[in-house]
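Chemist: Under the UniProt record's numbering, think of the first position of the sequence shown as 1, with each following residue one higher.
Since the hints were derived computationally from the structure, they do not count as laboratory data.
Keep in mind that this is a model prediction, so the values were computed, not measured.
Any given hint could turn out to be false.
As the list claims (entries may be wrong) - Each pair of labels, with its calculated beta carbon distance range:
#1 Val-289 - Glu-263: 35 to 41 Å
#2 Phe-3 - Lys-127: 37 to 43 Å
#3 Phe-234 - His-62: 27 to 33 Å
#4 Ala-238 - Asn-44: 40 to 46 Å
#5 Arg-55 - Gly-33: 23 to 29 Å
#6 Thr-4 - Ala-226: 38 to 44 Å
#7 Thr-105 - Pro-206: 35 to 41 Å
#8 Gln-47 - Pro-269: 30 to 36 Å
#9 Asn-44 - Arg-224: 44 to 50 Å
As the list claims (entries may be wrong) - Keeping only pairs whose Cα atoms sit at most 30 Å apart, straight-line, the calculated DSBU-like set for lysine-lysine is:
#10 Lys-127 - Lys-198
#11 Lys-127 - Lys-89
#12 Lys-170 - Lys-127
#13 Lys-53 - Lys-127
#14 Lys-268 - Lys-198
#15 Lys-198 - Lys-170
#16 Lys-111 - Lys-147
#17 Lys-127 - Lys-111
#18 Lys-127 - Lys-268
#19 Lys-198 - Lys-89
#20 Lys-53 - Lys-89
#21 Lys-170 - Lys-89
The beta-carbon is built from N, C-alpha and C at its ideal position, and this holds for glycine as well.
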Amino acid sequence: MYFTSNTVAFLDGEFVPASEATCGAYAQSLHYGYAVFEGIRAYNTPQGSQIFKAREHYERFHYSCQAIGLPLNYSVEELTQISYQLLEKNGLTDAYIRPLAYAATPNMSLKHATTGNLLMAVWEWGKYLGDQSLRLTISPYERPNPKAVPIEAKVAGHYVNSIIASSEAKGRGYDEALLLDMNGYVAEGPGANFFFEKNGELYTAPAGSILRGITRNTIIDLAREAGITVHEQFFTPAELQGAEGAFMTGTAAEVIGVSSVDEVVFEKPYAETLGAQLASRYHALVTGVLVPA
Numbered sequence: 001m002y003f004t005s006n007t008v009a010f011l012d013g014e015f016v017p018a019s020e021a022t023c024g025a026y027a028q029s030l031h032y033g034y035a036v037f038e039g040i041r042a043y044n045t046p047q048g049s050q051i052f053k054a055r056e057h058y059e060r061f062h063y064s065c066q067a068i069g070l071p072l073n074y075s076v077e078e079l080t081q082i083s084y085q086l087l088e089k090n091g092l093t094d095a096y097i098r099p100l101a102y103a104a105t106p107n108m109s110l111k112h113a114t115t116g117n118l119l120m121a122v123w124e125w126g127k128y129l130g131d132q133s134l135r136l137t138i139s140p141y142e143r144p145n146p147k148a149v150p151i152e153a154k155v156a157g158h159y160v161n162s163i164i165a166s167s168e169a170k171g172r173g174y175d176e177a178l179l180l181d182m183n184g185y186v187a188e189g190p191g192a193n194f195f196f197e198k199n200g201e202l203y204t205a206p207a208g209s210i211l212r213g214i215t216r217n218t219i220i221d222l223a224r225e226a227g228i229t230v231h232e233q234f235f236t237p238a239e240l241q242g243a244e245g246a247f248m249t250g251t252a253a254e255v256i257g258v259s260s261v262d263e264v265v266f267e268k269p270y271a272e273t274l275g276a277q278l279a280s281r282y283h284a285l286v287t288g289v290l291v292p293a
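With the hints as extra help, turn the sequences into a complete structure.
Modeler: This is the structure we're talking about:
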């Protein structure tokens, strides 16, 4: 699914066959989840393949590495250039880009790495959560305590929490999980931020126990440009009662509607919600295609 015998990856300064981009069995990152990644999309636009908000993604990549003490010896500009080269070498225009900073040196200690490694891969990937509105359930697992880990850093090990929550929800017949923070407020999904609509306004969790996604921030900007009020505030699951609609956002998921959260069924068909309106604006922005009047 992710690569073939012809796929090219970038590994520590070289473009290599993806099948040869390997990591040693004693790598510190393999044993402890001590790695940082980004999820980035390129879109085929009238100006050719364009990476959406490459600078923002790679600035966060740098921040995440600094937050856990993982060396990264590539600038934002260099990372962006490598991304475009990798797309070209694989003949891709619409693609998902996955840079991974990790520590390959054999090391079983619990200390910061002194050297870092870089892998970058690309592949064609549809919307991660599909196109149909989702049925969510409140997860029995909470988001990590922000005093325990740097929650704004996109650290590989944090996503064990996501895997457990998502798998548990799907095991109970739901499409995805919705996690609370340690205080019982709605935080986000395993890999996407959450918004709901009430009385023509939008609500989403503030900084604290969430990753403030780049897609999340883009949707907030698009909403405010359209005159839609957006509240970044804490809210409980009970406050979803009476909401007209909801949706999730993320680079992999893009913008996807939510039909229900447990017994709360949202009132409007997704096509009539602010989420659908903003999804259209988002698609126009990333592809360079105007929204129909």
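Chemist: It remains to establish, for every hint, whether it holds in the given structure.
Modeler: Consistency of the hints with the structure:
1. Val-289 - Glu-263: 35 to 41 Å: holds (38 Å)
2. Phe-3 - Lys-127: 37 to 43 Å: At 20 Å between Cβs, range violated.
3. Phe-234 - His-62: 27 to 33 Å: 29 Å Cβ-Cβ, so the 27 to 33 Å window holds.
4. Ala-238 - Asn-44: 40 to 46 Å: holds (43 Å)
5. Arg-55 - Gly-33: 23 to 29 Å: holds (27 Å)
6. Thr-4 - Ala-226: 38 to 44 Å: The hint (38 to 44 Å, Cβ to Cβ) holds, given that Thr-4 and Ala-226 are roughly 42 Å apart.
7. Thr-105 - Pro-206: 35 to 41 Å: 38 Å Cβ-Cβ, so the 35 to 41 Å window holds.
8. Gln-47 - Pro-269: 30 to 36 Å: holds (35 Å)
9. Asn-44 - Arg-224: 44 to 50 Å: violated (28 Å)
10. Lys-127 - Lys-198: Distance of about 26 Å is within 30 Å: holds.
11. Lys-127 - Lys-89: holds (23 Å)
12. Lys-170 - Lys-127: At roughly 18 Å apart (the allowed maximum being 30 Å), Lys-127 and Lys-170 satisfy the hint.
13. Lys-53 - Lys-127: The hint holds at about 18 Å.
14. Lys-268 - Lys-198: holds (11 Å)
15. Lys-198 - Lys-170: Roughly 27 Å between the alpha carbons, so the hint for Lys-198 and Lys-170 holds.
16. Lys-111 - Lys-147: Distance ~19 Å between Lys-111 and Lys-147 Cα, so the pair holds.
17. Lys-127 - Lys-111: violated (37 Å)
18. Lys-127 - Lys-268: Holds. Lys-127 to Lys-268 sits at ~23 Å (cutoff 30 Å).
19. Lys-198 - Lys-89: Given that 30 Å is the threshold and the Cα spacing comes to 46 Å, the pair is violated.
20. Lys-53 - Lys-89: Distance of about 21 Å is within 30 Å: holds.
21. Lys-170 - Lys-89: Status violated; Cα separation ~37 Å.
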